[in-house]
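For this one, chain A is given, so just place chain B on it according to the hints.
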Amino acid sequence: MNVARVRAVVRKEVREFRRNRFVIVTLAVLPLIFLITPLITLFRIPDSASGPEVKAAVGVLSLLMLIVPIAIPPVIAAYSVVGERDQGTLEPVLTTPVRASELLLGKAIAAFVPSVAVAYAIYFIAAISIRFGAAHVVSSVVWHPPQLLAQLLFTPLLAAWAIWVGIGISTRASDVRVAQQLSTLAGLPLLGFTSLISFQVITPSVPLAVGLALALLAVDVAAWRVVSRLFDRERLVTGRSAPRTVSPARSELDRAA
Amino acid sequence: MSWHGWAVTAGALAGVIAAVTLLRGSSARLPVVILILGTYALAALLTGGAEAGATEPIVAQVDEPAPTPRPEIPKRRERRVPTGPAALTVAHLTKHFGERVAVDDVSFEVGAGEVFGFLGPNGAGKTTTVRMLATLIAPTSGSAVVAGIPLGQADGVEIRRRIAVMPENPGLYLRLTVTENLAFFAGLYDLDRPDERIRRALDAVNVGARADDFCGSLSKGLRQRVALARTLLSDPAIVFLDEPTSGLDPVASREVHDLIDGLRDRGVTVFLTTHRLEEAERFCDRVAILNTRLRTIGRPEDLRDRLFTKALVVRTAEPLPDPERVFAVPGVESWSADHATSYVLAVSDARVAAPEVTRALVAAGADVLSLSEAQHSLEDVYLELVDDDVEAHA
Numbered sequence: 063m064n065v066a067r068v069r070a071v072v073r074k075e076v077r078e079f080r081r082n083r084f085v086i087v088t089l090a091v092l093p094l095i096f097l098i099t100p101l102i103t104l105f106r107i108p109d110s111a112s113g114p115e116v117k118a119a120v121g122v123l124s125l126l127m128l129i130v131p132i133a134i135p136p137v138i139a140a141y142s143v144v145g146e147r148d149q150g151t152l153e154p155v156l157t158t159p160v161r162a163s164e165l166l167l168g169k170a171i172a173a174f175v176p177s178v179a180v181a182y183a184i185y186f187i188a189a190i191s192i193r194f195g196a197a198h199v200v201s202s203v204v205w206h207p208p209q210l211l212a213q214l215l216f217t218p219l220l221a222a223w224a225i226w227v228g229i230g231i232s233t234r235a236s237d238v239r240v241a242q243q244l245s246t247l248a249g250l251p252l253l254g255f256t257s258l259i260s261f262q263v264i265t266p267s268v269p270l271a272v273g274l275a276l277a278l279l280a281v282d283v284a285a286w287r288v289v290s291r292l293f294d295r296e297r298l299v300t301g302r303s304a305p306r307t308v309s310p311a312r313s314e315l316d317r318a319a
Numbered sequence: 003m004s005w006h007g008w009a010v011t012a013g014a015l016a017g018v019i020a021a022v023t024l025l026r027g028s029s030a031r032l033p034v035v036i037l038i039l040g041t042y043a044l045a046a047l048l049t050g051g052a053e054a055g056a057t058e059p060i061v062a063q064v065d066e067p068a069p070t071p072r073p074e075i076p077k078r079r080e081r082r083v084p085t086g087p088a089a090l091t092v093a094h095l096t097k098h099f100g101e102r103v104a105v106d107d108v109s110f111e112v113g114a115g116e117v118f119g120f121l122g123p124n125g126a127g128k129t130t131t132v133r134m135l136a137t138l139i140a141p142t143s144g145s146a147v148v149a150g151i152p153l154g155q156a157d158g159v160e161i162r163r164r165i166a167v168m169p170e171n172p173g174l175y176l177r178l179t180v181t182e183n184l185a186f187f188a189g190l191y192d193l194d195r196p197d198e199r200i201r202r203a204l205d206a207v208n209v210g211a212r213a214d215d216f217c218g219s220l221s222k223g224l225r226q227r228v229a230l231a232r233t234l235l236s237d238p239a240i241v242f243l244d245e246p247t248s249g250l251d252p253v254a255s256r257e258v259h260d261l262i263d264g265l266r267d268r269g270v271t272v273f274l275t276t277h278r279l280e281e282a283e284r285f286c287d288r289v290a291i292l293n294t295r296l297r298t299i300g301r302p303e304d305l306r307d308r309l310f311t312k313a314l315v316v317r318t319a320e321p322l323p324d325p326e327r328v329f330a331v332p333g334v335e336s337w338s339a340d341h342a343t344s345y346v347l348a349v350s351d352a353r354v355a356a357p358e359v360t361r362a363l364v365a366a367g368a369d370v371l372s373l374s375e376a377q378h379s380l381e382d383v384y385l386e387l388v389d390d391d392v393e394a395h396a
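Chains A and B, in that order, are what the protein sequence lines are. Just so you know, we're using this note's numbering here: the first sequence kicks off at 63 and counts up by one. Just so you know, we're using this note's numbering here: the second sequence kicks off at 3 and counts up by one.
Computed list of chain B residues with no C-beta within reach of chain A, every gap over 12 Å:
id : residue
1  : A88
2  : G300
3  : V346
4  : A356
5  : V364
6  : A376
Simulated coverage check for chain A against chain B, where a stretch passes if three residues somewhere in it have a Cβ under 8 Å from a Cβ of chain B:
id : segment
7  : 70–78
8  : 145–159
Hints were generated in silico from the structure; no laboratory data involved. Just so we're clear, the structure is a prediction, and the values are computed from it rather than from any experiment. We treat Cβ as the ideally placed atom computed from N, Cα and C, and that holds for glycine.
The following block holds chain A by itself, in its conformation from the complex:
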């Protein structure tokens, strides 16, 4: 693993994002919608509201806050490989010494940082707003430590998972739009998981949050490895997979990549 090459990829990707209006608008507008709607509901809850009513409303907020790291990264990640192929920039990159794992890690980090930063910022705004603006009964549920810990831990891990799924699809998709649609669809199962936590079907506790986070971390690392193996230079350049059984040279090249 060459850190300089990963850094070069991250720097290039971030520069491109900053000049891409689509990415900017997605990063800015989508979380705003997710923020305002539940805040309106929570600010209208009086101190006299019942416990289940408050928990349900806070559950919606938590769910939306966890949807942000699932929904935003695929927009960026799905473009990362197939988008470069479409604009003809991938082949020159593949002729350099960069390994598939380095290239993909760089692209993942570049998608991860802004996505998680926005997700944290949105959650921070929501939590502070509720602390000072909502009824005490709401604030006490939102500022429950295990709930906060779950949000803090799961936000980056869910984002990482969504990014690897997006990049994995991007390495195999034939078209950017298809990749983005499939990546968004692939994020749906995660919604089930986040719903269970948000609505406290799985009651968040510190050991549970840490345990689930470690499991997600392991899944993310495995996803990086799997996606790196899915990265087939021949398929990306020619549109056809390398015949793995025919060529003894192929396996050597794959190992080298």
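Then chain B, alone, in the frame of chain A:
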């Protein structure tokens, strides 16, 4: 801040005002509104505003400055015969895409420092061969040694470290500046002193003045030059140029040619695939003609000699009364009349035959308009071989 920075901030403001109007009025909620507004304004500024202005010129095509006219000096570099170790050795390289054979049993060697031309019609397998040698795709069978490293048995990364490939499409990031594009590639090669290398590479292709321009604003010729600068960054042992002058105007093509000359002078091995036969004839020490299979390989003049019979062309003012007797001289193997007053003589050696034929014509009292050696170009060689293939497949 750019327009979308303001747009996002305005959107946030509108959303928050809407939210506040729905809430019961309370002075305690004012800091929340300010916090939301402030964070969004900051986010908009950080994520897009700072450099968003740079997006504006990307689609614009800016013509490169008019070049100073220079007289075209036709030149043909002295061809080198490779003597040292081979930079590239290819043995029985074959590539199938399903049932289709793209490259079939191709073998050749390229010497270190040689400019090697790889010619062939569309679909002949030129680009596939380059991709195999650049470790982008795996051969179905056969082997190769690239810059001293066996293909398929060694680390593809190490091969790619020693070569540079310029595909037909320059493949530049249009949202990045020229310098940013090269900095990215310098990073991928993990080069020392990248800034200095970038400056040198840009100077070598004469685009130093456009270093801070977005690639999206460059003309096609300038983009091609930037792509060439990219191949120079890592000081590669072998440079693969895939149709480097495709679609370029004559001035831009000449600049690319100058650069190939420069690479030759620096001892870089150049593997040039091209459709432009005059380009290959002028620059390449040797050429190979590929049409899925390797049809021929050698120096252009050797190919001409190998493929075409040496011939003299005689033109006279009036038809010769008895050409059979006139051309019965040493060195002339056979003759044919091209027109009534034009004759083509097959000869074993033009230097021997030409004086003999001249004397015979003078002795016969012929009014000779011209006597010259028939010239065949690389294009003739190419067309002869490719036409053979077309006929064979018909």
